[in-house]
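Novice: Letter by letter, the chains look like this.
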Amino acid sequence: MSGIHTIKFRLNGRAVAKHVEPRTSAADMIRHVSGLTGTHVGCEHGVCGACSIVLDGAVVRGCLVFAVQLDGADVETIEGASDSGRIAALQAAFVDRNALQCGFCTPGMLLIAAELLSREPSPSREQIREALSGNICRCTGYEAIVDAVAAAAKVKP
Amino acid sequence: MTGATTKAVGSSHRRGDATLFVGGRGTYIDDVAVPGVLHVAFLRSPHAHARIVAIRTAHADAMPGVVRVVTAADLAPLCKGWQTSQTYPGYVLRTQYPLATDRVVFVGQAVVAVVAESRALAEDAVELVEIDWELLPPACDLEGAMAPDAARAHPDLAGNLAYQADVGDPENRALFDEAACVVEAAFRFNRQTVMPMETRGVVASYLPGDGSLSVYQSHTAPHQLRSLYATHLGLDEGRIRVICPHVGGSFGAKIHLYSDEVATVAISRLIGRPVKYIADRMEALLADIHAREQIVTAKLALDAEGRFVAWRAETRLAMGAFSTHPGSSVQEADEAVRLAMAPYRVPHVGGRLEVVFQNKNIVGQYRGVGHPIAAAIGEHLIEKAAAAMGFDPVALRLANYVPDDAYPVKTRTGIDLDALSHQACLRRLGEIIDIPALRAENERLRGEGIHRGFGIACFIERTATNAPSNAHIRKATAQDGITLSVDPSGAVRCAISVTDQGQGTHTVVAQVIADELGVPFDRVRIVSGDSQATPYGSGVRASRGTAVGGELALQASRELRAVILEAAAQLLQTGAERLSMTDGMIFPAGSEEGNGISLADLAEVVHFKPQLLPRGAQVSLSLSRHLGHDWPALVPTNGVQASLVEVDVRTGAVRLLRHWAVDDFGTIVNPLLVAEQVRGGIAQGIGQALFEELVYDPGGQVQNATLADYLVPLASDLPDMVIDHVETPWPHSVLGAKGAGEAGTTGAVGAVLNAVNDAIRPLGASITELPMTPERMLAALNRL
Ligand code: FES
Ligand code: FES
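Chains as they are written, first to last, in the numbering used here: chain A, 1 to 157; chain B, 1001 to 1784.
Do not rely on the hints blindly, as some may be mistaken.
As the list claims (entries may be wrong) - Cβ pair distances, simulated, as ranges:
1) B:A1073 x A:G35: 44 to 50 angstroms
2) B:V1092 x A:S133: 51 to 57 angstroms
3) B:T1027 x A:G72: 29 to 35 angstroms
Claimed, not checked - Some chain A residues close to chain B (C-beta under 10 angstroms, calculated; not the full set):
4) H40
5) V41
6) D71
7) F94
8) V95
9) R97
Keep in mind that the hints were calculated from the coordinates and are not lab data.
Cβ coordinates follow ideal geometry from the N, Cα and C atoms, glycine included.
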């Protein structure tokens, strides 16, 4: 099987090089090799969205992408999105609306919500619910998340 | 600090930890880093019932990177097995071991553990373990579980019945035979699971040098775990430390102790190295506690005026192969039968429960524990009776409630109830929904072929366990403890035994302390989840964080405030009774600001300049208190929910349009957090009503152990929810708070069940099997 591959990519704006097995998922590498544990693993089969990362500008599931596929790519995790300030309005709205409880789904929710708002600056509640429907939250019942995304959309960036 | 003196209790303080979580900076169990940690993976049973003839581990053992392959024989000297701590007279129990010994009794049971340098290597090596099985007939049929020729879940059982009990009044057929109206139904609540987003996990580190054990675990009750590991592994409890880091949801899944967790800790003891086990999602679906599976028959008799005359319910719960531990599996069925119809005056209430062994995973205590079923069966039959007799369902309830001013009462099934408010809650619901108009609109739409239904369910829950009357589950539920101290900087530190999984326990406790001490909210820091850092206590379960933890914080804060004022009085050379503290400033009543002293300055003196205080007893700005022995067994709460749905009679799909809840949680410390507990709970109740089912085939194989196939509610499935309250403070505590964590789940199941039936009743259809999937709906509508 294996052989170790060396990959080079940009991670949260910095050039990095990592040695990975071909079977290692991007989520596992980011968590356990890069130590960025905000990318959560809830199912490892592409259903829950907790492992969301931004790959070349698009939100993807880190558990469905192999680490080797990141070679040459531009990757952003929740830590990078948070530190850059680009999701600050969403984060503030999530805290203010208590749109999270355990916080396990939250990084994925924030990244997918940010993608929605970049595409559709004034989404309806139905559009928000639709956009969040690939991400499972077991704590909140979603309404507070929908409210928070709607509130963040009203904040001028 | 400004002079703001608004009370913290009653205001919607935001959670401090939320700012961590939105940056992805929580520390969950898989994020805990321990140098040199090894990884555990389990070979789990592919069979529902089989004898283990031989286990061959040589290939796995020889694989590079594998450290040890562990079987039951390796762990037998370390762990003698366990049964549930919550026993009942006549409860038949079978002993669980960390790994299956000679037989497997459900699909997913842990059989062999592999320890390796990485999780991937451990999983590879699991594939190399070979087991010879001799298949045994599985007991998986709930209806036929007690037939004389039924397969037995364990060969040495005389029968599959694990427990039976009659509760309340004995059956009196005459009451039903002579009643003006009798409604009855057979219900089936299918098996589901809990599904917190973070799976379970353990990191265990046993140090052979000094016999100390550190365990990190995704769990809600560190002290309980510490006691259990000491007992099950024969270790000195005083040398065990259990830490629960951020927990990615529990809802009951993480109040139990599982064999894979004991195995992981025992393995660290065996090999003397740190080991880590993180369940994957398939393991979680197979082996986290399952819930609810029961078949129920119930009937309600009414007189011609619509007064309830008699009620009877009988349930059979599919326990699985063992009782859960430490809390038992029985409670799900017992609460269901005991609490059905508890809101009402019914002269005759009786029931029976049977708990049966099955070759399926263990049914445990999931959010609501029996209460959702109690509410669903009672409220369904009330709405059915209203339809049959031509009564308005709201009026029928109002005519039969135990009046709000009649409490305390004891139910016919032996439950003490106090300070409930069914009348007020239903009246409040009627204020926020124009029910007649809504029903009229549904009627009008029916003319257009649109089938909408509106349903109500009210309920009682028993929350906030903390009682010596439950002392038979000492390890699960006993008491709680707090240590409060003032730092030299004047910051208040609280170490408390109740824990926080995101519901906001820390925030609520800090609010209570801020008010009772008279310090700003942001000067209070909470520590919990670490057995070494907090006094002994039960952790979180049964919605007890605010009701128990808040009351404990209140009582301890009042005592510490007295200590602080006494010390300040000595320094200011006045009487303590003349002093008060607000916003961290202590000053004599009626005096100008500036005549007082700040708590920070006082703390500075106490810590570093004690010579400024009079000679005598040393002043300590720190105290510990416990709460438990004068606390009632369980704090009852009540509420009512309503649901509006639309049924597509061609596809069988149920669309939720709106959901309402009015609850009585007594004193509300933080309205924002309470409302979100209710919403999250409602989502899970809706899951039970419409989506969630773990499907076993007759041979005991699970058909849908992936998250793609086990359906939980998504954002697009759920409606907006209106949350409102009636506040009847709990009269037996000072704070007056009751449990709020489970009410959402408890009321939602019955409300949705009733709404769906209201939609299809005019079509001559009814449905009493949950979840109400499109397929079951079409069958109910006779359209399959
Ligand atoms: S962990 Fe990747 S989608 Fe669930
Ligand atoms: S906040 Fe817990 S899963 Fe969403």
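Novice: Quick one, is the V41 (chain A) hint okay against chain B at 10 angstroms, beta carbons?
Specialist: Holds, about 7 angstroms.
Novice: Take the shortest C-beta to C-beta distance between R97 (chain A) and chain B; is it under 10 angstroms?
Specialist: 8 angstroms, holds
Novice: Holds or violated: D71 (chain A) as interface residue toward chain B, Cβ cutoff 10 angstroms?
Specialist: 20 angstroms, violated
Novice: Restraint: F94 (chain A) near chain B, CB-CB cut 10 angstroms. Satisfied or not?
Specialist: 5 angstroms, holds
Novice: Measuring from the C-beta of V95 (chain A) to each C-beta in chain B, is the shortest one below 10 angstroms?
Specialist: Cβ of V95 (chain A) sits 5 angstroms from chain B, so the hint holds.
Novice: Go through the hint on H40 (chain A) and say holds or violated, using the shortest Cβ distance to chain B against 10 angstroms.
Specialist: Nearest chain B Cβ about 7 angstroms off; hint holds.
Novice: Holds or violated: 44 to 50 angstroms for the Cβ distance of A1073 (chain B) and G35 (chain A)?
Specialist: 38 angstroms, violated
Novice: Return holds or violated for the Cβ distance of T1027 (chain B) and G72 (chain A) against the range 29 to 35 angstroms.
Specialist: Roughly 32 angstroms apart at Cβ, these two residues keep to the hinted range, so it holds.
Novice: Does the Cβ pair V1092 (chain B), S133 (chain A) satisfy 51 to 57 angstroms?
Specialist: 45 angstroms, violated
Consistency note: the structure conflicts with the earlier hints numbered 1, 2 and 6.
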